[in-house]
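Novice: Could you put the whole structure together from the sequences, leaning on the hints where they help?
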Amino acid sequence: GRLHDHLGHHPEQSLTDLGWSLGTRRARHSRGAVVVARHRAELLDGLAALSRGETTPAAQRTAATPRGRTAFLLTGQGAQRLGMGRELYAASPVFAAALDEVCGHLDPELMRPLKSVLFATEDSADAALLDQTAFTQTALFALETALFRLAEHHGLVPDFLLGHSVGEVTAAHLAGVLDLPDACVLVAERGRLMQAAREGGAMAAVEAGEDAVRAALAPYGDRVAVAGVNGPRATVISGDADAVDDLTARFKAEGARVKRLPVSHAFHSPHMDEVLDEFRAIAADLTFHAPRIPIVSNVTGELATAEDLASPDYWARHIREAVRFLDGVRLLEARGVTEWLELGPDGVLSALVAESLEQPPGVVAPVLRRGRPEPEVFAAALGQSAVRGAEVHWDTVFPGARPAALPLYAFQRQRYWLDAPTTVTDAAGFGLEAADHPLLGAAVPLADRDEHVLTGRLARGTHPWLTEHTVAGTVLVPGTALLELALRAGEQLGVTTVEELTLAAPLVLPERGGVHLQVSVGTEDTDATRPVRIHARPHGDPGHDGTWTLHAYGTLSAASGTPGEQLTVWPPAGAREIDLTGAYERLTEQGYGYGPAFRNLRRLWAAGDDLCAEVALDDDQRTEARRFTLHPALLDAALHPLLPGVARDEGRPLLPFSWAGVNATATGASVLRVRLAGAAAPEAANSGSTTVALTVADGSGTPVASVAELTLRPLSADTLRAADSGTADGLLRVEWIRPDATDATADLSTWAVVGDPSGLGLPDGTVRSHAGLGELARAVDGGAPVPATVLAPHFSAPAGGRVPDTAREAAHQTLLQVQEWLADDRFADSRLVVVTRGAVATAADEDVTDLTHAPLWGLLRTAQSESPGRIQLLDLDATDAPALTAAVACGEAQVAVRSGGLVVPRLRRAVPGDGGAVSWGSGPVLVTGGTGGLGAIA
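Each residue of the sequence shown is one higher than the last, beginning at 42 in my numbering.
Please note that the accuracy of each hint is not assured.
[As the list claims (entries may be wrong)] Simulated DEER-style distance windows between Cβ atoms: (1) G910 <-> T629: 21 to 27 Å; (2) R578 <-> P486: 21 to 27 Å; (3) A930 <-> G377: 57 to 63 Å; (4) T609 <-> L221: 37 to 43 Å; (5) P486 <-> G815: 54 to 60 Å; (6) T567 <-> A829: 44 to 50 Å; (7) T752 <-> H853: 27 to 33 Å; (8) G910 <-> D886: 31 to 37 Å.
Just so you know, these hints were derived from the structure itself, not from any lab.
Backbone N, C-alpha and C fix where the C-beta goes; we use that ideal spot for every residue, glycine too.
Specialist: Right, here's the structure in full:
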């Protein structure tokens, strides 16, 4: 608006000077716009439209997304039009000179001068020649080469070249693979021989994916082939005319759009076989060089090697095989391309790119458009590139321009209150390295040892999407975010495989302030691995003592193995789709509060024992996704099928506990296909924990990551509340409390006892008794029912023995018993209740009276953590059968009977002065510990 007013007050100002000054004397901002105008009135109209928030063909705004790399697109046959380039030839001496040079080399190869065909009058004999392949391909080559020279003259230089069919021949010349004379020979002979192929062919574009089209083609054999894969639902078929017509009729009847292409032959099909030998011989006489600009191959969809581009066989295959344009676009997007400029007569490839991208682009612009003035369209594309950050040579755009006065920037006179104080700093200014990651700010290599620390700060104001992940009412940083931190730390040092990562404590995002993060990577061990640890502490909480809490630990190693399995056949054959209607509402009932940023599960299938999930970020998260290895909200959604209420109704609420063998082979995906191996098996629903393997691919099925083993375990609401209150950062004490009212009834006919039942106080004959697990197993083999509950009393100790000796013997015998129990599949659905008396103190004034069996509680807590739901610890103070029944029926993992009632342990913060602070006395301490789980005890 201010520029519009400025021009109104300075009618004498030169538009050439104004344009040059705007391009060279203004700062670049994240948002910008370009106006193309031939005179002052058009410029004023465009500025007025922008000031009203409108856009027109001549006044365009550009995206505010970060600028990445640039690709030039080179159009193929079918986009040609009579007179293409005529207006630009008259307006631009640079374009005209480049076109004349190309035509000078092509004309000896053609039966008519190329410009006489290219610029022929309508309905003339020369005009009809443009649609003959020999002239079509040479005309496109000449036009695209001249457009490239003009863009290059103004400073636009690509990072990659992607052509479509004959467009790749142009790319080979522009990249320096072929000099101009040889390139003209190749393109002229290519057009001549393709036109000389056998008659009776046809081509058609079908609105369907490649897999669906190939399935439909199967009955036709070699009569018809896939000639081009242009988009997710844009496939070209080529072959015998009657077969093509038959297929297009079938697709049209199924509701798909089809279009017969205006070509005379069936290119990229078996119809080309007869001319390949001659074309190969012609190419063999040419001189090839290594490319100066990377070229994406139509044949493979990957970057073409120098060996490919110098091979006559490659250029013969290029005529015969399908054009894999979609694969090329996806490859370039993965390589960071955000700016797409189409050099050709229209916006054909630009439309295909827009349909194929998984993330919003910066600019997708053709430099010419059918029916619009050519100099203006080229200028608009040049301007959009400049606004997006391209280094345009403004002296060539506005030759002879001089500095002009410009209006001052308009100040926004509106006050904004910030949600949280923010400070923008430069990590290098503090002697640090920038981490370039949304969750991390800086990386610090330690001076005197081979260790690194990465730091960051999380808060609800700086990372609002994290607030949309709550469990039991607590804002919890997802376990996938901790995995992302470990992957990023490994990338910093070239150890990109997470061998293992165990989550030690939940990381809660406080309501006020935030948390400081430290990800530390230690010195390389002898096995070439490095330890990694993730700590955090509250920031901005005056009541916190600043103690760091360990939230995850593990090891990193260099990448190994294959990139991972492709998931191109999707969904898998025979998979049964699971209805996700109401899934997130059911998860809310289970205590999982997922906001829009995390509600990314789109579709789900069951395939045998596996679950196959399709997840995708919403538009608000897609731009940021490219800065992550695996966006935590996206990977977290891939785990939602494992939660109760999604793929199955039963099961306990779970959270990730440990990761193993995590390899990431690509970054920045916003759409994932994920196979969760074993997640649909019946045993996965019946166990307390769940272990699965993950195969992760992007939206096209290309491998992104793999996880050899992910274990999820139950996490109690009490643990989350304790972490939220800061308990995880201080000393804890165990407090035994009365649980909520429980059902005291139990069906004793489903119980069994192994050992002496006399101390349990159960009525005689109500419970089957066996001398040991072996005898119980033999009874089951003989036809006795498998008991749901097995009581194992541990009361009596050897008479006259020393306590250390009897404790060691009791622990050893119990260890063998529990190992036998866990290894016997017959009792997989049963629970072992280990019963002690006086082996644990539940109050400050209570003593442990059975030192022989007290160590069993430490030993069996380890067993419980490794096999949730399989073992219960029960301590008695009397032989009260109803209390015993209630204790077993309450379902708590650890419970004690005291004075006829039940008490269960809970963690609470030990505050000095409350009578519960931890203190160390002078009495004996018995320490138990395991090596390899239940493998040994010391």
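Novice: Look at each hint and say if it fits the structure.
Specialist: Results for each hint:
1. G910 <-> T629: 21 to 27 Å: 24 Å, holds
2. R578 <-> P486: 21 to 27 Å: 22 Å, holds
3. A930 <-> G377: 57 to 63 Å: 60 Å, holds
4. T609 <-> L221: 37 to 43 Å: Holds, since T609 and L221 (Cβ atoms, about 40 Å apart) stay within the stated range.
5. P486 <-> G815: 54 to 60 Å: Hint holds: Cβ distance 59 Å, inside 54 to 60 Å.
6. T567 <-> A829: 44 to 50 Å: Distance hint for T567, A829 holds at roughly 49 Å.
7. T752 <-> H853: 27 to 33 Å: Holds, since T752 and H853 (Cβ atoms, about 28 Å apart) stay within the stated range.
8. G910 <-> D886: 31 to 37 Å: Holds - the Cβ-Cβ distance for G910 and D886, about 33 Å, lies within 31 to 37 Å.
In this structure, none of the earlier numbered hints is contradicted; all agree with it.
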